[in-house]
Amino acid sequence: MNNFRSWFDEKSEEAQEQFLGEYPRLLLEGNKYPELFKLLSNYCFIEAKINHPSFGVQSLIEDYDLLEDEAKTLVETFHGTSLHSNRNTTISSLKKIQGALRLSAHIINQYSQQLPAQLTGRLLHFHTPEINNLLQQISTDQSLRCLTPSLTPPGSPLIRTLSGHSSRVNAIALTPDGKTVISGSRDNTIKIWDLDTGTEKFTLQGHRNSVRAISVTPDGKTVISGSDDNTIKIWDVVTETEKFTLLGHSSWVSAISVTPDGKTVISGSDDNTIKIWDVVTETEKFTLLGHSSWVSAIALTPDGKTVISGSRDNTIKIWDLDAETEKFTLLGHRDSVNAIALTPDGKTVISGSSDKTIKIWDLATRKEIATFTGESPILILCCAVAPDGVTIVAGEESGTLHFLRLQGKVTDE
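Residue numbers (this note's numbering): 199 to 611.
Quick caveat, the hints were computed from the structure, so don't treat them as lab data.
Check the hints yourself; a few may be wrong.
Unchecked claim - Computed cross-link-like contacts, SDA-like style, restricted to lysine to any residue with a CA-CA straight-line distance of at most 25 Å:
hint, residue 1, residue 2
1, K554, L604
2, K236, Q335
3, K230, Y309
What the hints assert, rightly or not - Label pairs and their calculated CB-CB ranges:
hint, residue 1, residue 2, range
4, D207, R366, 38 to 48 Å
5, N249, L224, 48 to 58 Å
6, P500, K230, 49 to 59 Å
7, V478, T589, 45 to 55 Å
8, A521, P374, 23 to 33 Å
9, H325, P374, 21 to 31 Å
10, K441, H325, 51 to 61 Å
11, A213, E266, 40 to 50 Å
12, A582, A213, 43 to 53 Å
13, K399, E211, 23 to 33 Å
Since this is a predicted model, take the numbers as computed values, not measurements.
Every residue, glycine too, gets a C-beta built ideally from N, C-alpha and C.
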């Protein structure tokens, strides 16, 4: 390791930058796979690239993506041979190093001196030649490091942490292409994130109080936000600017949804109302009255014609947007309804409540199908349905996630 460091330090700044930026790809293009593998498990190279002002941790993470090309070549050329098996094992180890860097990126970006502690804390879970070699290199460095596998390892459900808000994050939305995350925070801002790189693209500022609800139009170009300042703001993601503000609620806006055509916004508020807005004309179309306490959650059927709302009055109401009226009310929860989700076919409603239950409802029959209560019931704050229409995810106040399946009966996984 010291030989590499001495060799690298003797180079000019221009040569160092060229080496860090180009050498990994040159090794790949020259089919020098052993040298590439050795480079990507060299702690001095890792440290140098992270600390160089032209690169950083994300650029290093992307170097490991070069291994995808090598893996494809191995499968096509050496499948079933010992060479394929050995190199595949090496690539797997290097991808774990990449995963550890990805998990640590939000820390390393702020405190690069945390690199040895972050890598050791995450990689001591594994025992492969490449990882053992990297850990041995780190152990000879005069830096603080973890002596036990004390941090979340790569391969766990957590992939990356996005860091940047200065207060609690209240709302999250994802663009339809799955590439961009939009977050709303108690710090009054909305941040737009690149999911592939984990970097903040830009921040939208304009609300004067906490951003409580976020939605995005189907084309992914417009963000709608609801805030404790009683307003709804419409933002252009392409130009990174506010388009206009919708005024009308007399208290905070707690829930937002948008119709499939992107032309109508539905908002729920602490003022007990649901308002329907025309985004084209920038005006309120009408108000739905019926809840006796604040509207905490909203969902919309796939055809954009029916709104489902959950409220602190313990009820779920079903509304006809064309007729501008309430169709019916679902009764059964004994406390505030905090979350609403809908299966992709629009036929089944899932609700989460402060009464510590998750209820499943059939919209056609207007009846409760099933109720789930956890072994140690805690109030349910959020829920979602997977695209398969069968898997339900519900989050408790304790931080526990329940995975349920709709197959004849509700089962907890």
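For each hint, the structure was consulted:
1. K554 with L604: holds (19 Å)
2. K236 with Q335: Holds, at about 12 Å.
3. K230 with Y309: violated (33 Å)
4. D207 with R366: 38 to 48 Å: holds (44 Å)
5. N249 with L224: 48 to 58 Å: violated (21 Å)
6. P500 with K230: 49 to 59 Å: The hint (49 to 59 Å, Cβ to Cβ) holds, given that P500 and K230 are roughly 52 Å apart.
7. V478 with T589: 45 to 55 Å: Roughly 36 Å apart at Cβ, these two residues miss the hinted range, so it is violated.
8. A521 with P374: 23 to 33 Å: The hint (23 to 33 Å, Cβ to Cβ) holds, given that A521 and P374 are roughly 29 Å apart.
9. H325 with P374: 21 to 31 Å: violated (42 Å)
10. K441 with H325: 51 to 61 Å: Given range 51 to 61 Å: holds, Cβ gap about 55 Å.
11. A213 with E266: 40 to 50 Å: Once the Cβ atoms are compared, 28 Å apart, the range 40 to 50 Å for E266 and A213 is violated.
12. A582 with A213: 43 to 53 Å: holds (51 Å)
13. K399 with E211: 23 to 33 Å: Given about 29 Å between the Cβ atoms, the range holds.
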